[in-house]
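**Student:** Residue-level listing of the chains:
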Amino acid sequence: MIKVENLHKHFGKLEVLKGIDYEVQEKEVVCVIGPSGSGKSTFLRCMNLLEEVTDGAIYINGVQINDPKTNINEIRTEVGMVFQQFNLFPHMSVIDNITMAPMQIRNLNKQDAEQLAMELLDKVGLREKADNYPQQLSGGQQQRVAIARALAMKPKVMLFDEPTSALDPEMVKEVLEVMKNLAKEGMTMVVVTHEMGFAREVGDRVLFMDGGYIVEQGHPEDVFGNPQNERTKAFLGKVL
Amino acid sequence: MEFFDFFRWEIIWNYRELYAKGLWATIVLTACGYIGGIIFGLLLGLGQVSKKKLIYWPAKIYVDVFRGTPLLVQLLLIHLAVIPTIFGSSQGWWVSGIVGLILNSAAYNAEIFRAGIQSIDKGQMEAARSLGLTHSQAMRKVILPQAFRRMIPPLGNEFIALLKDSSLVTVIAGAEILYVSKVVAGTYQRFWEPYLFAAFLYLVLTYAVTKLVAFIEKRVDINYNPRKKKERA
Ligand SMILES: Nc1ncnc2c1ncn2[C@@H]1O[C@H](COP(=O)(O)OP(=O)(O)OP(=O)(O)O)[C@@H](O)[C@H]1O
Ligand SMILES: [Mg+2]
Numbered sequence: 001m002i003k004v005e006n007l008h009k010h011f012g013k014l015e016v017l018k019g020i021d022y023e024v025q026e027k028e029v030v031c032v033i034g035p036s037g038s039g040k041s042t043f044l045r046c047m048n049l050l051e052e053v054t055d056g057a058i059y060i061n062g063v064q065i066n067d068p069k070t071n072i073n074e075i076r077t078e079v080g081m082v083f084q085q086f087n088l089f090p091h092m093s094v095i096d097n098i099t100m101a102p103m104q105i106r107n108l109n110k111q112d113a114e115q116l117a118m119e120l121l122d123k124v125g126l127r128e129k130a131d132n133y134p135q136q137l138s139g140g141q142q143q144r145v146a147i148a149r150a151l152a153m154k155p156k157v158m159l160f161d162e163p164t165s166a167l168d169p170e171m172v173k174e175v176l177e178v179m180k181n182l183a184k185e186g187m188t189m190v191v192v193t194h195e196m197g198f199a200r201e202v203g204d205r206v207l208f209m210d211g212g213y214i215v216e217q218g219h220p221e222d223v224f225g226n227p228q229n230e231r232t233k234a235f236l237g238k239v240l
Numbered sequence: 001m002e003f004f005d006f007f008r009w010e011i012i013w014n015y016r017e018l019y020a021k022g023l024w025a026t027i028v029l030t031a032c033g034y035i036g037g038i039i040f041g042l043l044l045g046l047g048q049v050s051k052k053k054l055i056y057w058p059a060k061i062y063v064d065v066f067r068g069t070p071l072l073v074q075l076l077l078i079h080l081a082v083i084p085t086i087f088g089s090s091q092g093w094w095v096s097g098i099v100g101l102i103l104n105s106a107a108y109n110a111e112i113f114r115a116g117i118q119s120i121d122k123g124q125m126e127a128a129r130s131l132g133l134t135h136s137q138a139m140r141k142v143i144l145p146q147a148f149r150r151m152i153p154p155l156g157n158e159f160i161a162l163l164k165d166s167s168l169v170t171v172i173a174g175a176e177i178l179y180v181s182k183v184v185a186g187t188y189q190r191f192w193e194p195y196l197f198a199a200f201l202y203l204v205l206t207y208a209v210t211k212l213v214a215f216i217e218k219r220v221d222i223n224y225n226p227r228k229k230k231e232r233a
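Residue numbers (full-length UniProt numbering), protein chains in the order written: chain V, 1 to 240; chain E, 1 to 233.
Just chain E, with the same shape it has in the complex (with noise of 0.2 Å):
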């Protein structure tokens, strides 16, 4: 058993408590960085199916911004020159972390929206005009609600997608999982424990999300009814 006895397990053991910390600010940010980017992305979904070239430019135009440009790029230009700029001084990895994950995937749930909302037939939108429904009407009780079910299935991929992609947010020195497995390599100029382990956190991680969304994605099949048939008078 030479080849386990090369690796030194104890490593990870004494940093556990380091370890926790980073596997808690790769939750949050991504929690926070989903959470924010499908409110923001439903906002700019909706602003990409509109008719107004007021809104529909603006949020066109931001879209493939974020999508044309690495998130690594932002969060540097976000951590190290927008928010210093705007608020004189550095607000901390925490707030330029969530900020730039939000802002990235917001682009990213956009064109999910977009794409999930256009992908409704246009006769459901008619139909519900011509009951006298006002557009945001249709679209909050017609459109969204079909259009949601669609959506499930990449905004999981999204999420799984930002998960790894926080990532980075190791560059402006977030201590999230891999910049734990950075400081302990640092530390014992070991490279096998650190980031294999960080690899197997991410793993662990990815696989709860791919479950959860499987999970969700079946509640909502247009089949699952749980409302038994009620006795009518």
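So that you can see chain V by itself, here it is in the shape it has in the complex (with noise of 0.2 Å):
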């Protein structure tokens, strides 16, 4: 589904990623842990090319996005990003941030996308909230309503990024929940986070990054339970 061949990511001078390998399955859920300034979020945005990457190859379903050829455009379509922010758009209504790119992109009339939209944001629990606009939801909410937007372009693959880190303990359950769904509705999905309890529950696979490598990946239990590597070690004796 994904593939990524010695991926190098260079920010001027500085080398945040130095040759990453990796391949994604189809409804695989992927964690990626690792200590900060390691290159996760660098990773994950490169993979929508948020970030232009400087060597290497990105491949989602066989086709290279970062060929300049690629319509980068369609590509993301096809691969629904959740930022730690939310990001949502603080002009629009609830309902509205969901449509909007349905009714730009996929040319659906207003009656199917709000019919779409009320549909996700019964799946995130947040219908009654449709027509609030986003300073009037609490950050958990927010976050859910960014899951909803994402997942309306009908995406193949979500990409979370520490999609709880902003948010008030109380509200990371909640969040969790939804992409706990999520990943059993068979989504393949990649998230950069700090949960540890959410890598190993719903993680098919862990990798845990440093310093701009992929150190060690495997089964969350062999990566949490049983750690090969020194740095893993280090780390983990650290967050859990």
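Mixed in with the good hints, there may be bad ones.
As a list, the in silico DSSO-like pairs of lysine-lysine whose alpha-carbon atoms are at most 30 Å apart [what the hints assert, rightly or not]:
1. Lys154/V - Lys141/E
2. Lys69/V - Lys141/E
3. Lys51/E - Lys18/V
4. Lys122/E - Lys123/V
5. Lys52/E - Lys13/V
6. Lys13/V - Lys51/E
7. Lys18/V - Lys122/E
8. Lys110/V - Lys218/E
9. Lys110/V - Lys141/E
10. Lys123/V - Lys110/V
11. Lys129/V - Lys110/V
12. Lys69/V - Lys53/E
13. Lys141/E - Lys156/V
14. Lys233/V - Lys27/V
15. Lys51/E - Lys69/V
16. Lys122/E - Lys51/E
17. Lys69/V - Lys52/E
18. Lys3/V - Lys122/E
19. Lys123/V - Lys141/E
20. Lys182/E - Lys164/E
To be clear, the hints were calculated from the coordinates, so they are not data collected in a lab.
Assembling the complex is the task here: the two chains are given apart, and the hints tell you how they should meet.
**Tutor:** So, in structure tokens, the structure goes:
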């Protein structure tokens, strides 16, 4: 489904990703963990080209997305992204946040788009907030709307960049719950997270990143229960 | 009441028709200059946030030149040099005046647009692009609507500044408020009444604009939501 080959990313002189190879299978949930600054966000953002790739290749469903000939806008409709800071559109109501992209890009008419939006709001448990504005919602509710907004494009993969890090502890659960349900429905997901419990419970695979490399990867039980690499051990020792 | 006897307001009254024309000219000059300046300024502002050097630099240089030189000089150049050179003869003060005001206010508006666009959190653009919107769709649907709200107060100030600056069109014999006052002053050799009245007219106009801007600002307030909650099936 996603295949990354020898991915390098520089910011000017700073090399942030130093050659990453990996694959995500369909319906797989991959959790990415690692210390701050290790390149997790950069890695995730490369997968829908929010960051320009310096070197290497990324394929989604066999299409090389960092080929200049590829229509990146089309690719992005298939790759949903959820941000740490939600990034909802503050000038639009909740329902307009969700219907905007399908109407603009898929040419859905308003009625169909709103029906789709209401279904998605049901899914994230926020039907009654359809006509509210984002700033009238709690952080957890905003993030759930952001997930619904991404799902409205019917993506084949969802990328999450620390979706619960900006939330008060009591709101983390409601967002993780929505993500868990998504995983159960068979969505392919790549999740950068500090929620080790989530990685353990929902993840099919855990990647540990450090210093621009994938240092260790494997089934959550193995990585958490019996880490092989010294750096993984040190990191897990601190966070668990 | 000797003080009031000093004034001979009938001078103004005698020239009421000319003043009405002058007032109209000021309004038309300002309105045309402003609307044109907004449209052209938006293009320049978008140019100034462009990553393409061929778009960025011309926009940037234009804005710096027009902000860095006096409007008075620009008006004289346009009226006496640029337009006669291009068209072979003067096209009259209406054309020169409106063109000058558009070109000048566009430069100031461009700065307002640039600052407004750049003040929007870059997560907004990223969220829009990650949904698959093109850059221009994201600009139209996400960035500009938010930026416009923030730009209303400075754009309102720009409107008032332009209204007052339109008096400079006097130097190319544009028959607006100030020009009429000069005519009256010259005819009667009285200076208090015509110029005080000119000041009064400008004051009334700027006051009206201030009120208008405040009204618009309130209407587009992000929390102002005239749409009632709809019943949804
Ligand atoms: N736009 C940028 N320009 C320059 N350097 C950047 C940019 N974005 C990220 N970096 C640098 O790249 C490195 C990796 O950043 P990244 O955000 O990918 O880390 P991360 O693993 O997501 O960290 P965190 O857990 O804190 O979110 C950091 O050193 C960061 O300073
Ligand atoms: Mg990060």
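**Student:** Checking against the hints above, which ones are violated?
**Tutor:** Of the numbered hints, all hold.
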